[in-house]
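A.B. asks: One letter stands for each residue in the lines below.
4 protein chains.
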Amino acid sequence: MDEKSSPIITALIQGKDTKGIIATITSWIFDNSGNIVYLDQHTDPVEDMFFMRIRWDMDGFQVPREELDEEFGRVCWRLGMAHRLFFSDKRMRVAIMVSKQGHCLLDLLYRWRSQQLEIDLPCIISNHDELKDMAGYYNIPFHHLPVTRETKPEQEKKAMDILRKEKVDTIVLARYMQILTPKLVNAYRNSIINIHHSFLPAFIGADPYLQAFKRGVKIIGATSHYVTEELDQGPIIYQDVVPVTHRDNVETLKRKGEDIEKMVLARSVAMHVENRVLIHNGKTVIFGG
Amino acid sequence: MDEKSSPIITALIQGKDTKGIIATITSWIFDNSGNIVYLDQHTDPVEDMFFMRIRWDMDGFQVPREELDEEFGRVCWRLGMAHRLFFSDKRMRVAIMVSKQGHCLLDLLYRWRSQQLEIDLPCIISNHDELKDMAGYYNIPFHHLPVTRETKPEQEKKAMDILRKEKVDTIVLARYMQILTPKLVNAYRNSIINIHHSFLPAFIGADPYLQAFKRGVKIIGATSHYVTEELDQGPIIYQDVVPVTHRDNVETLKRKGEDIEKMVLARSVAMHVENRVLIHNGKTVIFGG
Amino acid sequence: MDEKSSPIITALIQGKDTKGIIATITSWIFDNSGNIVYLDQHTDPVEDMFFMRIRWDMDGFQVPREELDEEFGRVCWRLGMAHRLFFSDKRMRVAIMVSKQGHCLLDLLYRWRSQQLEIDLPCIISNHDELKDMAGYYNIPFHHLPVTRETKPEQEKKAMDILRKEKVDTIVLARYMQILTPKLVNAYRNSIINIHHSFLPAFIGADPYLQAFKRGVKIIGATSHYVTEELDQGPIIYQDVVPVTHRDNVETLKRKGEDIEKMVLARSVAMHVENRVLIHNGKTVIFGG
Amino acid sequence: MDEKSSPIITALIQGKDTKGIIATITSWIFDNSGNIVYLDQHTDPVEDMFFMRIRWDMDGFQVPREELDEEFGRVCWRLGMAHRLFFSDKRMRVAIMVSKQGHCLLDLLYRWRSQQLEIDLPCIISNHDELKDMAGYYNIPFHHLPVTRETKPEQEKKAMDILRKEKVDTIVLARYMQILTPKLVNAYRNSIINIHHSFLPAFIGADPYLQAFKRGVKIIGATSHYVTEELDQGPIIYQDVVPVTHRDNVETLKRKGEDIEKMVLARSVAMHVENRVLIHNGKTVIFGG
Chain A
793 MDEKSSPIIT ALIQGKDTKG IIATITSWIF DNSGNIVYLD QHTDPVEDMF FMRIRWDMDG
853 FQVPREELDE EFGRVCWRLG MAHRLFFSDK RMRVAIMVSK QGHCLLDLLY RWRSQQLEID
913 LPCIISNHDE LKDMAGYYNI PFHHLPVTRE TKPEQEKKAM DILRKEKVDT IVLARYMQIL
973 TPKLVNAYRN SIINIHHSFL PAFIGADPYL QAFKRGVKII GATSHYVTEE LDQGPIIYQD
1033 VVPVTHRDNV ETLKRKGEDI EKMVLARSVA MHVENRVLIH NGKTVIFGG
Chain B
793 MDEKSSPIIT ALIQGKDTKG IIATITSWIF DNSGNIVYLD QHTDPVEDMF FMRIRWDMDG
853 FQVPREELDE EFGRVCWRLG MAHRLFFSDK RMRVAIMVSK QGHCLLDLLY RWRSQQLEID
913 LPCIISNHDE LKDMAGYYNI PFHHLPVTRE TKPEQEKKAM DILRKEKVDT IVLARYMQIL
973 TPKLVNAYRN SIINIHHSFL PAFIGADPYL QAFKRGVKII GATSHYVTEE LDQGPIIYQD
1033 VVPVTHRDNV ETLKRKGEDI EKMVLARSVA MHVENRVLIH NGKTVIFGG
Chain C
793 MDEKSSPIIT ALIQGKDTKG IIATITSWIF DNSGNIVYLD QHTDPVEDMF FMRIRWDMDG
853 FQVPREELDE EFGRVCWRLG MAHRLFFSDK RMRVAIMVSK QGHCLLDLLY RWRSQQLEID
913 LPCIISNHDE LKDMAGYYNI PFHHLPVTRE TKPEQEKKAM DILRKEKVDT IVLARYMQIL
973 TPKLVNAYRN SIINIHHSFL PAFIGADPYL QAFKRGVKII GATSHYVTEE LDQGPIIYQD
1033 VVPVTHRDNV ETLKRKGEDI EKMVLARSVA MHVENRVLIH NGKTVIFGG
Chain D
793 MDEKSSPIIT ALIQGKDTKG IIATITSWIF DNSGNIVYLD QHTDPVEDMF FMRIRWDMDG
853 FQVPREELDE EFGRVCWRLG MAHRLFFSDK RMRVAIMVSK QGHCLLDLLY RWRSQQLEID
913 LPCIISNHDE LKDMAGYYNI PFHHLPVTRE TKPEQEKKAM DILRKEKVDT IVLARYMQIL
973 TPKLVNAYRN SIINIHHSFL PAFIGADPYL QAFKRGVKII GATSHYVTEE LDQGPIIYQD
1033 VVPVTHRDNV ETLKRKGEDI EKMVLARSVA MHVENRVLIH NGKTVIFGG
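Order-wise, the sequence lines are chains A, B, C and D. Heads up: the first sequence at position 94 corresponds to 886 in the working numbering, and the numbers run straight through without jumps. Heads up: the second sequence at position 256 corresponds to 1048 in the working numbering, and the numbers run straight through without jumps. Heads up: the third sequence at position 191 corresponds to 983 in the working numbering, and the numbers run straight through without jumps. Heads up: the fourth sequence at position 174 corresponds to 966 in the working numbering, and the numbers run straight through without jumps.
Simulated from the structure, these hints should not be mistaken for laboratory data. Among the clues, some could well be false.
Which copy? The list can't say, so a pair holds if one copy fits it or any two copies do.
[Said to hold, decoys possible] Once the Cα atoms are required to be at most 30 Å apart in a straight line, the calculated DSS-like pairs of lysine-lysine come out as:
hint : residue 1 : residue 2
1    : K882      : K950
2    : K944      : K882
3    : K957      : K944
4    : K1075     : K1048
5    : K808      : K1006
6    : K1048     : K1006
Next up, chain A with everything else stripped away, as it sits in the complex (with noise of 0.2 Å):
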């Protein structure tokens, strides 16, 4: 998409909301020189919150890049607001972590290579060996590392190894069916995307297919959300849900659910590596593509 040679710039504010925000920022831009091709901003007003992703094209802006972080942070911390940068010729560097189930995993290679989602995959890190060739005719780096009760402080130190070695910013949990430590959420804060297969906040927890077989709802969902040490309680990016009938049992419920996990999960990812996400308070604001 943005194939030019001057990459465009995304810029992710958040704060207070004040008078002015919008002016400051949009005019410091035009004032070097910058184009603005995309604003969308949102203001909270229960929180009383401000925020806005910018986009500009960096063709002839008069701040020099390695200057702009620091230039148009100053600009931020006047106003009051955090903010980060994000450069359309950088690519996420994205870790997917897997158990058995190869359905997300696939579908976000295949997103991948097709080059729908534009990111960098350095490694896949699972806790079986079921999914290794998948990894292998994509020619991902598969790096099994099987957990049990006792090794698994152990087996997630030499994953967090991998993810620094490999500068990974973000993990997308396609189906891993462990629970992380809060070692590991910690280090990667608002980084660990998860697809929950309920529409949260039903059906928290293991199972989730056999509580809704149980309850015998009419629709069953999935969820993406951001990984925080609750679990199931993080901030929602993502949901959708297929209608079922009493003919369902567990086994097509899972089958159904299958086919929305890895759309969400998709799409969720889609919107986080867009820079498309901000949090705040447990809730998502997602901008529009």
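For chain A, the structure is supplied; the task is to place chains B, C and D on it using the hints.
C.D. replies: Chains B, C and D in isolation, oriented as in the chain A frame:
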């Protein structure tokens, strides 16, 4: 729909699964010169239960109407099956209970008047009087029975007197914001339909839109279910959802929710009065229309 | 919503894309002490067009209301942008035209009375009198203007007199089964909203449910669009669909369709009266609420 | 699913409606000690046609497998009904034809390998070689038959030789961008499933996403249908849609469309291979799973 002189019979049958149920029943109908116009069945292998809905034309049927229940009942009894019969020329008598919000009531009234819902509507009961005019416009008797903690048993008794006098089969709680007493619930077992403004089992109890707002979900829903003694735990009839975003506040969630509440309630009332719903073990079997 | 003493301004802006539009406009607002409460924009790279919706609070704004259009217009003019301004304390005046079917009309009336739709409703015009009572219940003047091929020009002239007298901004065709003359269409360019009972461009013209039945589609839809001289070819505002099956006949398709017709129409009327729609080249840009 | 030693029979029956069909057939099964595990039927009052899908267990069934078709056929013949029988231990043999885009193929291959789709996959035929590797990874023979206007009849003859040699029942066009000749279409009447990337009948023919973009629709869709001689006019099996906005360009429409194309195709292939589809008069009857 069934405007011929001879009515259509709808039979609902359920019981432990056994060989020959369909053959026995369809042969009995055929041997008595009945023309089957609909048959749907469901076998639940987990519960080992059999469910069937079958409809046939009374035109030329050799068992007289007044003997039908006994004769058909004998056939079902031998198969170990429970049964119920409904005649297309006999409408269900439905009472609607409401509080202040009229969107569900108005929707039901419109469908009733335009004959989409083929029911009798002998009364509307409310603990408030806001919707008296609406009932008046449609010429439905409106009973205002205000409820306080103290007067609840007494007022509900009055309600039950009205229901009995009006020969009501089915009660629709079209956003009635009072919890019914076990006495009323038991008197109309499997015959009270409630609309809950969330996708159950998420957000049970009060203020589901506020709960949804706080959790930051990306879809909200509505659920219709039969009322049981446990709050919001009855068999689910129908559910639907609508996507929401970070821009929604509690007020806009309510508005978006109202649109699906009335749709979900109307559809489940139609399913019920068309005798398409069977209940077993806290869950529903819903046959196609 | 905007119940403060000082209103909110909504500005719609569109024109050829150029550098500095957002900066110029937001700075002008900021320099005049306006507090921006909403901004969304869209750049169409194919058409090289820029579209913006921006809202700010008039509280303490230094340009007096009566000079606002001229002052703001000058800013836009220099950028080569067309503009329109709307004040939150001035409601749109909407006329509804209907024929015999009342589901869309009733839905709009309910939303109007419950203040979900913040509009003035000075008149309902119909070529039949079936819905006179419904209008009466809501105390809206009802004009019965029966139309034959011969009387059409004359009757439409009467309709236009009423619309002019009532200072109507927007006409909603809530299942009005007559084709408007070019004269009326041109007089209310981009201001007449129609609901078509199919997912356009499928099933243009008469009897879309019959067409859908014959084709054996598995979904049916509804489409709202602005009326242009070419039948069913105007800019699409909103669409929705509902699944159907082989069990549906033309009659049940109609019923299922009605439910989405009224929803689609209501949502698009809301989009229009909230000034969220821009039109360019036969297509709409719809900004978020 | 049907992993017992004795298979399940699925019978599809259709013909002019008459009294006693269900009774006759279910009694015949019962009298021969068959246990009916599924029955669904549909009566089309417009066409006066009867359709039935019935499944029973061969365990202890008194008609030997090799005589079943003749015996059951005799029962159907007397009722004036056409019939087909399928045994759960005999898988359909499906050939997939593709061009360059792999999303539908990959989805089918994954479902096949994970045994969600219980079919044999003896060959993939393509007019390009881009997807050879993907076929290779799943160990499916890949036949590259490039097609030009001149070579089309000759290459299609080769394809038909392969199909015949591999005893293929069903052909799935998983985004095969060539129009088949009438010869091939007729040889596999009602057995070639195509995915068209629009909600038919909208946007028939080439480049439906470009057509959708130009028209400015707010939903796009995908349609699976049986291939007939008339382009995109065959009986529709399944359709689904996804909402889009003014922000979408042709490229993003394609991506969003791909997600529903593969889902719609996979579901309709499942419906077909589970023998749930009956065809009459250019339309399908789809029985529940």
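A.B. asks: Indicate, hint by hint, whether the structure satisfies it.
C.D. replies: Structure-based check of each hint:
| no. | hint | verdict |
| --- | --- | --- |
| 1 | K882 x K950 | within (26 Å within a copy, 48 Å between copies) |
| 2 | K944 x K882 | neither (33 Å within a copy, 46 Å between copies) |
| 3 | K957 x K944 | within (20 Å within a copy, 53 Å between copies) |
| 4 | K1075 x K1048 | both (27 Å within a copy, 20 Å between copies) |
| 5 | K808 x K1006 | between (45 Å within a copy, 19 Å between copies) |
| 6 | K1048 x K1006 | both (16 Å within a copy, 29 Å between copies) |
Of the numbered hints given earlier, the model fails hint 2 alone.
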